[in-house]
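**Student:** From first to last, the protein sequence lines stand for chains Y, H, E and U.
Residue numbers for the first sequence follow my numbering, so the first one is 521 and each next one is one higher.
Residue numbers for the second sequence follow my numbering, so the first one is 521 and each next one is one higher.
Residue numbers for the third sequence follow my numbering, so the first one is 521 and each next one is one higher.
Residue numbers for the fourth sequence follow my numbering, so the first one is 521 and each next one is one higher.
These are calculated hints, taken from the structure and not from any lab test.
Treat the hints with care, since some could be wrong.
The list makes no distinction among identical chains, and a pair is therefore deemed to hold if it is satisfied within one copy or across any two copies.
Here are the simulated lysine-lysine pairs, DSS-like style, with alpha carbons at most 30 Å apart [stated by the list, open to error]:
{"#": "1", "residue 1": "Lys-699", "residue 2": "Lys-845"}
{"#": "2", "residue 1": "Lys-845", "residue 2": "Lys-805"}
{"#": "3", "residue 1": "Lys-845", "residue 2": "Lys-756"}
{"#": "4", "residue 1": "Lys-822", "residue 2": "Lys-699"}
{"#": "5", "residue 1": "Lys-756", "residue 2": "Lys-699"}
{"#": "6", "residue 1": "Lys-756", "residue 2": "Lys-822"}
{"#": "7", "residue 1": "Lys-805", "residue 2": "Lys-756"}
{"#": "8", "residue 1": "Lys-805", "residue 2": "Lys-699"}
Number of protein chains: 4
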Amino acid sequence: MTDESLPLVISAPEPRTLDLIFTPAAQAELRRTYRIVEADPEDIAGLGDAVLGEARYIIGQPPLSAETLVRMPNLRAILNVESNLLNNMPYEILFERGIHVVTTGQVFAEPVAELGLAMALNLARGVIDADVAFRDGTELWGGEGNRSARLLSGSEVGIVGFGDLGRALNRVLSGFRAKIRVFDPWLPPSMLREAGVEPASLSEVLAMSDFVFVVASVTSENRGFLGAEAFASMRKGAAFILLSRADVVDFPALMAAVASGHIVAASDVYPEEPLPADHPVRGLKGFIRSAHRAGALDSAFKKMGDMVLEDMALMDRGLPPMRCKRAERETVSRMRSKPVSVN
Amino acid sequence: MTDESLPLVISAPEPRTLDLIFTPAAQAELRRTYRIVEADPEDIAGLGDAVLGEARYIIGQPPLSAETLVRMPNLRAILNVESNLLNNMPYEILFERGIHVVTTGQVFAEPVAELGLAMALNLARGVIDADVAFRDGTELWGGEGNRSARLLSGSEVGIVGFGDLGRALNRVLSGFRAKIRVFDPWLPPSMLREAGVEPASLSEVLAMSDFVFVVASVTSENRGFLGAEAFASMRKGAAFILLSRADVVDFPALMAAVASGHIVAASDVYPEEPLPADHPVRGLKGFIRSAHRAGALDSAFKKMGDMVLEDMALMDRGLPPMRCKRAERETVSRMRSKPVSVN
Amino acid sequence: MTDESLPLVISAPEPRTLDLIFTPAAQAELRRTYRIVEADPEDIAGLGDAVLGEARYIIGQPPLSAETLVRMPNLRAILNVESNLLNNMPYEILFERGIHVVTTGQVFAEPVAELGLAMALNLARGVIDADVAFRDGTELWGGEGNRSARLLSGSEVGIVGFGDLGRALNRVLSGFRAKIRVFDPWLPPSMLREAGVEPASLSEVLAMSDFVFVVASVTSENRGFLGAEAFASMRKGAAFILLSRADVVDFPALMAAVASGHIVAASDVYPEEPLPADHPVRGLKGFIRSAHRAGALDSAFKKMGDMVLEDMALMDRGLPPMRCKRAERETVSRMRSKPVSVN
Amino acid sequence: MTDESLPLVISAPEPRTLDLIFTPAAQAELRRTYRIVEADPEDIAGLGDAVLGEARYIIGQPPLSAETLVRMPNLRAILNVESNLLNNMPYEILFERGIHVVTTGQVFAEPVAELGLAMALNLARGVIDADVAFRDGTELWGGEGNRSARLLSGSEVGIVGFGDLGRALNRVLSGFRAKIRVFDPWLPPSMLREAGVEPASLSEVLAMSDFVFVVASVTSENRGFLGAEAFASMRKGAAFILLSRADVVDFPALMAAVASGHIVAASDVYPEEPLPADHPVRGLKGFIRSAHRAGALDSAFKKMGDMVLEDMALMDRGLPPMRCKRAERETVSRMRSKPVSVN
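Input sequences plus hints: build the corresponding full structure.
**Tutor:** Structure, rendered in structure tokens:
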């Protein structure tokens with residue numbers, strides 16, 4: 521039996537589920553602290569005025585109309601656990617009313633950074649091809665097998681995008697004494713310097729790096745901004761590692777740059793997912809493939825629930841949310857990442 | 521024409537060569553600063569009293585007899601660039617006379633640490649099998665492909681051996697907020713604490729780690745000290761990464777522990793090198809193979825020459841060598857690593 | 521002659537001046553990029569509709585009425601360079617319209633942290649009294665003079681408040697291997713853990729620390745929250761260092777705790793400033809005094825101008841400000857720090 | 521009753537005592553593990569052949585003759601807890617026989633570094649004079665009192681000498697984002713780079729630093745090497761902080777440089793200790809005085825005993841000592857620090 525005095529939370533976390541994003545202990549705490557109303561995300565309006573009128577939080581990002589929001593006078597926050605912002609609610613009204621829209625994408629930062637680092641080290645040392653050759657009995661021993669091997673330590677690294685993912689990359693790179701240049705037009709240069717990296721233009725990042733990591737979100741302005749010219753400007757033999765969204769690159773141009781031997785590359789994301797069986801990237805030498813697996817770890821999903829609980833606890837006490845990332849009035853309409861349909 | 525007033529250096533760096541271990545600039549400096557006598561390592565005694573009498577340094581570790589050493593009154597140091605200490609010279613006499621015997625194995629620390637980290641991340645995320653599956657069109661997308669994936673960040677890590685390799689590993693792990701336990705019976709616990717790691721027994725390291733890195737040298741006492749019992753004591757699913765010498769493990773027991781699914785593993789070293797074409801490790805699931813490639817990078821070899829030059833410069837000024845690692849009277853006879861025959 | 525197409529900025533930075541907060545180069549850039557209208561802060565309404573209608577930014581925090589704001593349709597941000605938020609404008613309207621109110625108090629974080637560290641080390645080692653005794657010829661030599669001396673390295677440290685100041689303190693403490701506990705009820709515990717500190721209750725921070733740093737802002741809820749009981753709960757001989765505002769402590773109780781010998785203390789702030797000539801803190805043994813000098817360095821003021829320029833550049837491009845700190849709808853009315861009248 | 525099978529240790533730690541350098545627990549462990557023979561340091565030879573013949577270690581640095589050493593066939597190490605090496609034993613014989621001579625001076629590194637940092641911050645911010653003025657009622661408030669104040673963060677720092685003290689300084693400076701240049705002619709440049717500092721000449725360190733820390737030992741070659749010319753080459757207003765031995769500077773020249781207003785300074789050491797009551801440094805403006813108190817903390821002395829126990833434990837197992845610092849054959853006779861007579 522639920523305590524009617526508990527604050528009311530509408531649960532519509534699709535495509536996530538509460539079981540995916542909360543550990544059993546966290547979900548128990550959620551249910552102990554709040555009245556949870558599980559809702560059909562396609563019919564929030566149908567919940568009735570009693571529920572809408574009391575609702576303090578929505579977990580999820582169901583479509584919402586201006587009319588429905590009028591019926592929700594106590595709403596304080598929409599906690600988006602999908603993490604890409606859809607254009608399915610009147611954000612301007614939410615900002616006016618001071619209803620926070622927050623996302624939990626930070627949970628993917630560590631998993632993505634670790635996979636990105638693995639890719640960089642694998643490209644630098646030919647780890648995958650060497651293991652495959654060893655299986656086949658064609659391995660080369662010692663220095664023979666290291667003709668093109670090189671170190672990440674002491675190298676020059678470029679990072680495109682310095683949000684949560686870029687910061688996590690910077691952290692896992694901290695033991696490598698690398699010189700790290702960052703391009704992020706949404707941040708003031710002094711904040712990059714405070715993080716210990718060097719602010720740089722995109723062309724500097726491309727031309728002066730041994731390893732380039734791309735962790736920029738797709739926006740209405742940067743679709744396909746990394747094309748043939750960008751790859752041509754990279755150092756011969758440099759590594760290009762794509763971790764955010766395929767839409768920021770011209771994928772055929774990337775494959776061509778690798779096929780020509782100018783650069784090596786790795787990617788976790790593709791123009792189509794899943795990819796056709798005959799897609800040429802499958803057989804491309806000098807390319808490491810990962811099937812959109814960088815972030816989707818169970819431990820990452822479980823952190824979403826922790827973040828949601830921490831921020832709701834702050835808001836329950838009249839404080840602003842600090843743990844999740846808030847959507848910004850200026851940029852919410854610029855974000856163009858496709859939502860995921862599978863976890 | 522050589523300046524006869526320059527200090528004399530006997531060059532016998534086999535299996536290395538001066539061209540391997542010195543950059544052109546460093547070799548030019550070497551030849552500008554010293555008279556280099558290139559010697560047959562098997563016949564140092566045949567060099568004649570003029571050369572032996574003047575020799576200040578030997579680069580290499582040629583066999584030396586007590587009689588030959590008597591003829592070398594000005595010898596200050598033997599700079600061993602193979603880096604494993606052979607039992608081919610009367611070390612006791614060298615120690616008595618204060619002739620330094622130094623090795624340059626530290627050059628391999630960073631390359632080995634980077635490969636070790638790559639192996640750990642690959643095992644944690646199934647990176648290699650995922651790429652191979654992608655080539656075949658059998659890849660799993662998103663969370664589907666991450667059933668057993670986990671993070672290094674925040675995990676518990678064990679390191680066996682805390683010499684140059686262990687320290688380099690600790691450094692590349694510094695961005696991962698891991699709890700790191702170290703077993704090294706040759707170091708006082710307080711020095712491990714000062715390095716930010718937790719001193720631990722071997723059994724603690726094995727039983728309490730998600731990732732175990734073995735970077736211990738082979739000594740007369742530790743041959744095969746990691747066997748079936750050790751692997752059984754590890755956590756289910758933990759990763760065992762062997763980077764130093766195969767002789768410290770019972771290799772068949774390691775393979776059995778992986779084959780049973782209890783642990784996953786990676787190794788750069790093998791009981792025989794090269795390995796027979798039909799060796800079962802070639803097809804072993806849950807095992808990453810590298811053909812003794814961890815250290816042998818060209819950039820590492822070139823650092824040897826730099827180290828040699830720096831320490832000879834100190835000794836030229838009457839100071840002790842600080843850059844290379846000195847052989848110790850107590851332990852020189854305990855070291856049992858097989859020398860390499862190829863670079 | 522000013523270019524009429526430049527964005528218009530109203531300058532009302534009192535008690536600062538543009539010369540105080542901008543370097544000559546930065547001020548030149550400001551005047552090259554914007555049309556600056558220097559205004560009487562007490563009469564913004566009198567500027568006329570032409571200026572108000574075009575104004576994009578206000579530098580300063582002049583009183584503003586709702587009526588005046590209606591006349592400013594293009595206003596994007598109020599850049600408060602005093603840094604304490606006064607209750608002299610209708611914040612709710614500003615939040616509704618998405619007009620950012622930002623402060624530049626972060627510039628004081630490093631200077632305050634450095635002085636706080638100096639105070640902690642001085643208290644731990646009796647540095648000031650030792651120098652004064654040396655001047656007088658009554659110094660004690662060597663261990664004689666170190667009876668109560670102790671290290672910060674390896675000690676337990678507590679920080680109350682983890683905004684910019686707390687974070688800067690944590691950074692300057694990073695080389696001391698101290699265990700750092702933090703009390704900050706406005707932050708989720710996981711964010712403190714990510715910063716490498718341990719979240720703790722106020723009573724834990726007080727009772728388990730060798731050094732307690734107070735950098736919390738005054739709010740409507742925490743006035744005088746550190747009183748006799750708090751000081752009594754501290755470790756015998758521990759150091760209490762007050763760096764934010766005197767209103768968070770019961771100052772007579774603090775003096776009594778020091779006078780009794782239970783703790784030692786240092787403060788940069790006082791219930792009255794300046795302090796009467798006969799105030800007892802002037803002669804108090806075990807107390808280090810600083811006359812509100814912690815933050816007010818010229819280099820800090822000059823950073824204000826840099827921050828203002830960086831954020832206006834972002835907003836000019838339609839992006840949100842990232843460099844300065846934004847006032848929060850939930851907390852703006854809770855802040856109670858007295859504004860400064862002198863720089 | 522002592523177990524006659526325990527290894528024998530001769531105790532002659534003057535001017536230290538066992539109670540000074542061992543905690544009660546450590547001394548209990550010492551006595552549980554070893555037979556301790558407390559000896560008159562001036563008459564080791566008088567101990568008798570039974571004791572001399574069995575002695576494995578000496579704690580202290582009593583005078584020893586070649587003849588006495590002949591009677592000590594089982595001696596493995598002399599553990600010098602005074603930490604300055606006197607010329608009172610035949611070091612050459614000790615080196616030939618492989619008897620380690622080790623010192624425990626590293627215990628002073630952290631205390632000295634912390635005091636050095638306190639001095640730097642005090643000089644940068646005028647902390648001491650400000651407190652003295654506050655006692656007198658002549659304090660200046662806010663920016664008024666900060667006319668010459670500056671930050672350590674982001675400054676340029678020079679360190680002369682990079683032994684244990686220099687490294688400890690580098691560590692406590694790690695949170696300050698300072699550019700650190702080091703002059704140490706006994707270390708190869710690459711080791712300085714690995715420690716994250718920039719190798720530099722003495723004149724570069726002097727001319728390019730805002731803060732210069734001197735932690736170099738006195739040797740036969742460097743007596744008085746920092747004189748009027750050195751101070752004149754420093755930046756106007758820079759801070760000179762002397763922490764090792766007064767003999768490395770021309771002390772009157774240092775005072776003159778401060779008196780002229782060219783630099784500010786602090787010192788823990790003096791040409792005579794104690795210093796005459798009328799010595800002019802007592803009243804010198806711009807100078808911070810400490811009466812050789814930098815290292816002599818009780819916690820530092822107690823660490824000596826821990827170091828001794830850890831290294832004896834290694835040597836008991838046939839391993840070389842790793843915790844204490846070994847005297848070097850090349851440099852032992854160059855060291856010229858005066859021994860201390862008080863702790």
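**Student:** Broken hints, numbered, in rising order?
**Tutor:** Hints 2, 3 contradicted; others consistent.
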